[in-house]
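> In case you want the letters, here they are:
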Amino acid sequence: MDIGKEVVLEMYRKMHRIRQFEQKIKDLITAGEIPGFAHVSIGEEATAVGICAALRPTDRITSTHRGHGHLIAKGGDLARMMAEIYGRRTGYCKGKGGSMHIADFSLGILGANGIVGGGIPIATGSALAAKLSHKDDVTACFFGDGAANEGTFHESLNLASIWKLPVIYVCENNGFGEFTPTASATSVKDIAVRAKGYDIPGYVVDGNNVLEVYRYASEAAARARAGEGPTLLECKTYRWEGHVVGEQAFITGSYRTEEEVARWKARCPIIALEQEVLGSGLIKREELERIAREARDQVEAAVEFARQSPMPEPAEAGEDLWVE
Amino acid sequence: MDIGKEVVLEMYRKMHRIRQFEQKIKDLITAGEIPGFAHVSIGEEATAVGICAALRPTDRITSTHRGHGHLIAKGGDLARMMAEIYGRRTGYCKGKGGSMHIADFSLGILGANGIVGGGIPIATGSALAAKLSHKDDVTACFFGDGAANEGTFHESLNLASIWKLPVIYVCENNGFGEFTPTASATSVKDIAVRAKGYDIPGYVVDGNNVLEVYRYASEAAARARAGEGPTLLECKTYRWEGHVVGEQAFITGSYRTEEEVARWKARCPIIALEQEVLGSGLIKREELERIAREARDQVEAAVEFARQSPMPEPAEAGEDLWVE
Amino acid sequence: MAQLTFLQAIRAALSEEMERDPSTFILGEDVALSAFGSTRGLLERFGPERVRDTPISEAGFVGAAVGAAMAGMRPICEIEIAPFIYCAFDQIVNQAAKLRYMSGGQARLPITFRTLYGAAGGAAAQHSETVYPHLLPVPGLKIVVPSGPADMKGLLKSAIRDDNPVIVFEHAALGRTREEVPDGDYLVPIGKASVKREGRDVTVVAIGAMVPRAMAVAAHLAGDGIAVEVIDPRSLAPLDEETLLNSLSKTNRMVIVDEAHLRGSAASEIAATMAEKGFDLLDAPIKRVAALDVPIPFSRPLEAAVIPDEARIAAGIRAVLG
Amino acid sequence: MAQLTFLQAIRAALSEEMERDPSTFILGEDVALSAFGSTRGLLERFGPERVRDTPISEAGFVGAAVGAAMAGMRPICEIEIAPFIYCAFDQIVNQAAKLRYMSGGQARLPITFRTLYGAAGGAAAQHSETVYPHLLPVPGLKIVVPSGPADMKGLLKSAIRDDNPVIVFEHAALGRTREEVPDGDYLVPIGKASVKREGRDVTVVAIGAMVPRAMAVAAHLAGDGIAVEVIDPRSLAPLDEETLLNSLSKTNRMVIVDEAHLRGSAASEIAATMAEKGFDLLDAPIKRVAALDVPIPFSRPLEAAVIPDEARIAAGIRAVLG
Ligand SMILES: Cc1ncc(C[n+]2csc(CCOP(=O)(O)OP(=O)(O)O)c2C)c(N)n1
Ligand SMILES: Cc1ncc(C[n+]2csc(CCOP(=O)(O)OP(=O)(O)O)c2C)c(N)n1
Ligand SMILES: [Mg+2]
Ligand SMILES: [Mg+2]
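Protein chains in written order, with my numbering: chain A, 1 to 324; chain B, 1001 to 1324; chain C, 2001 to 2322; chain D, 3001 to 3322.
Don't take each hint at face value.
Restricting the straight-line Cα-Cα distance to at most 30 angstroms, the calculated cross-link-like pairs of lysine-lysine (DSS-like) are [to be verified]:
#1 Lys-3250(D) x Lys-2277(C)
#2 Lys-3196(D) x Lys-2277(C)
#3 Lys-189(A) x Lys-1131(B)
#4 Lys-1189(B) x Lys-189(A)
#5 Lys-1164(B) x Lys-131(A)
#6 Lys-3277(D) x Lys-2277(C)
#7 Lys-196(A) x Lys-1164(B)
Think of the hints as simulated: they come from the structure by calculation, not from any bench.
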């Protein structure tokens, strides 16, 4: 597959945006400026971005508790995301959702989800809707390695297989579910193997290689649009940060080694893409630097927007429950 | 494996007992003598019996809504079963459970279960108990092909695999879940394939061949006792009767062909064993006939016991909820 | 107008609404063949894409209904027997009912859940339970419990057209009850109680299959000169407090009859609300007549002892009449 | 006696009971490392067989607890955060709570479920909900909600020793509250309410984290000459009706404070019972102060508007004082 320069640049842009956004979140929480808790995906950007780059605007995604990256990759507005995380009325959910529930239905983002595995049947239903309404939209379903042990994973993949639904199941295997290593909670080394149990294709993908992710996603999307049903992509990656920002404050002991973290940091997906495109001469360093700068500026602007935005009024708590 | 004559005779006895018991249930419901509804397993006897013949008295089983066969195979008392189905105070559950909830804890029968897939985690926990208390008891977990699409199947097999629990998962694939053909609800031809998703052994077994079932079960039990973990056995079989006795009265149309039913009846597990043992000269025809007669007599006695037994008093409804 | 059974009323509502709106479809276990008859004939009419048998995977297909709704469809999702809902509880409680609010009003979830509930003789604890109490504490979900064919049709049609998640509880013992049902676009609004019988001595609020039972008791007590007003709330969420309070202001006495276990029942919820808002109207304590707090037993005499029967309803009425 | 926090009290109860009974073991997600601290240190003491991390598979491991209990163990099963219970709802409601009864009294299910509940600031709808109302309609399950360290220890120990399924709700905001806790075998019986403060003007029944909040209001109102009696029911099932009715016979007025959504709340259940059994004692309607009927929102001012605060509690009290 030949990936055009524009696509590559866009992927680079999105990865930087995610990285800067989440780095900022982390700093703000650490500084005590944002109260709640948030799960960041620093180090895993290539998976979110490679998948979403293969999608069209009318395609849909479902996301997880660790969802900022998916949302940004699908086009989410940084300012409205940041405002939501600040709990402001201008946020995507008017302050009602917070980090774990951001959605943008106009972009096909059906929402992050606080329930591990909760989004998997929802993505499946979204794909069913496409099929029933004879549209060739695809739904990409993000979930973690931990979620792959939930019953909803099983029920959904079986359903999507027998109904040949246009859905891409994207398992982000980052080596942990909270503090439990994947190896000790999951009966198989490669979750992709489970695809056999549903008679669908399953692939192990280098989740830190955005071009590889993009290639697999494009193929899976093409299969889905052609009516050939779902695909399971297991993207092996790693979260550089804790399960939740600030976890050092409340857990004792560590559940992974510094070497392991260092090893994965050395495989930074953003630097990997830089080296690839610089090496091939496709794109110049200055262009990349400009993109990185822009991302930083966008994040700063988002923070500014959030800070300037009003908190919701107490009375707003009663709104938005019903379609009247 | 060399199977002793006593074991073979006992299996023959149990299969007959199940067949006669359930034929009787069917007749009694049809005649309006038993009110509720019941799911019979006529045609599937070899699976229940082959599995339980490989178990010890201290081993445990969990069963399903279609549970009479499992219970009888594990040694259940026909009279107390029949009394329960009649709703009598002398029944196994004092009339509180009925066909779908019969249990005999003294025989390691943890209960039939009205929730499809509901017993799978329970069996897994029973196996965990054996492991935690350093006993080499095995738990056999019966469930249908339909149940293999429930999330509990997935969660349980993963759990049992990582914890290497002494459990045998016995999927009775009888071709249907209610009125839906397995082929249209299940993404794989052989459910045994799903074992790969949990890194455990999985085998397709001729569920109408009691000797074959017994052999696989014995091996699985030996593995379990040796601490090598769970096995998935998919026993292919067929239910001769409807999903529920009397279904013709309320469903319209038929969901399977008469030829299909006839084809499977021609593969009757009881006759198959008869032919096998008569052919090998191991057992004489008279002996088999005597066993069949005894089974009929036992069932008649069970019906008599149930008929003579009192109904529970209304006040008994308040009992048996709590361990005081 | 035609005489329809409860089941025929369900089928009429479903087929009329499916005819009307191409974004509707049915999914659930064995909905094509329809074991209990409520979807019979729909496969032939609307085909297997829109009358969709699912595997036995409650969380999976309920979640699929949620996702399909958020992507623009209008699913009608059948949970064959009510206690199986527990297998899909997260998708109903944490997802369907919360997603609109959590998304700040972005998501639309026009889903109708339908399910068979209640004790109808010998199905035991895992198949006979009255399940709506578990859903009372779920903001974002409407709960409808029709007690007869006409309401069944009118409420189900309203539920399907509602742009919010609605769950309709259909009592297993009512399938063959029969009454006049208006043809065509007959809609019963969700949230409006129905006064089934007028009376000035005592208000009996009855739910689902308890309504015909309460009506029988009322007819019987009329012979003793006791004028019972019977009210069917029809939906438990939202609850038509006004109609109930109006009745209470006339009778000053109330009995609530609920097939659910007493603790946490809809009867308790209604009683608490009435006792709070109607305190000054009450001449006697509100009496709840509900199932005993034990699982529903299998054997007939035991089941009958657990579920409110006419004798217990009558005794409840006499108790508040003092 | 030592000053212990709520979390330390949990750890004390768990380790004492695990020491005492070798058939106990803990299972749940990340119980070894213990994100919220309630099982910290137990792995080191009892090893990975008895302090057992599970995969993220709520139905699977809750069901495994059920099976292990029926096979002779005494599991302590942690559901990390209360709304995740919905993922295992069938195993709790249809299995754990019903199996003894359905088996005619054969099964024994000595299981303790433990779970973190409630709003503690910014965790939003899927993590902050007060979940016990969904379990009120479950005969066969005991429901315990401790409000402070001493009760926490004594009730958790009783729960573990109970031969029936018990669920213990531990409020997320109480973790660091501290008080004197008796050493060693301190047991608080399940089913006995605690009078936290005596008063003759009005009875305030408060649950879980609402207890300290009600106590603060009571202290404040004492300054205005209002003597508030505060009662913590401690267990919602069984409910200590006697202690509540005794108090009512003294104060003749009652306010019930519950963090749950009003509809279907424990407040409703208690109010219905009190209004029925204590009708003649009441000088004013029983007032329920509960969460609004919307999912718990994320943003602090919204969350604060939904959950009962001191102002709403005080207003409720003043309302019943007329
Ligand atoms: C049903 C449910 N169970 C447990 C949790 C608590 N929890 C939140 S994130 C998480 C770990 C998820 O692991 P994984 O799916 O691998 O995603 P990751 O965090 O690694 O991205 C857990 C257990 C939850 N939110 N929902
Ligand atoms: C959770 C749940 N969903 C649905 C049902 C209704 N039901 C009872 S038996 C059955 C079919 C089960 O099929 P299978 O597991 O293959 O067992 P079989 O009846 O073929 O022995 C269904 C859907 C149920 N009892 N429980
Ligand atoms: Mg992970
Ligand atoms: Mg089957």
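> Are the hints correct? Go through all of them and say.
Here's how the hints hold up against the structure:
About 23 angstroms separates the Cα atoms of Lys-3250(D) and Lys-2277(C), which keeps this hinted pair within 30 angstroms; it holds. Restraint check: the Cα-Cα separation between Lys-3196(D) and Lys-2277(C) comes to about 28 angstroms, which is no more than 30 angstroms; the hinted pair holds. For the given pair, Lys-189(A) sits about 24 angstroms from Lys-1131(B) by alpha-carbon distance, which is consistent with the 30 angstroms threshold. Among the hinted pairs, Lys-1189(B) with Lys-189(A) is consistent with the structure: their alpha-carbon atoms are about 24 angstroms apart, no more than 30 angstroms.
Among the hinted pairs, Lys-1164(B) with Lys-131(A) is inconsistent with the structure: their alpha-carbon atoms are about 41 angstroms apart, more than 30 angstroms. A threshold of 30 angstroms between alpha carbons decides the hint, and for Lys-3277(D) with Lys-2277(C) the separation of about 18 angstroms falls inside it, so the pair holds. Using a Cα cut-off of 30 angstroms, the hinted pair Lys-196(A) and Lys-1164(B) holds, with the two alpha carbons roughly 22 angstroms apart.
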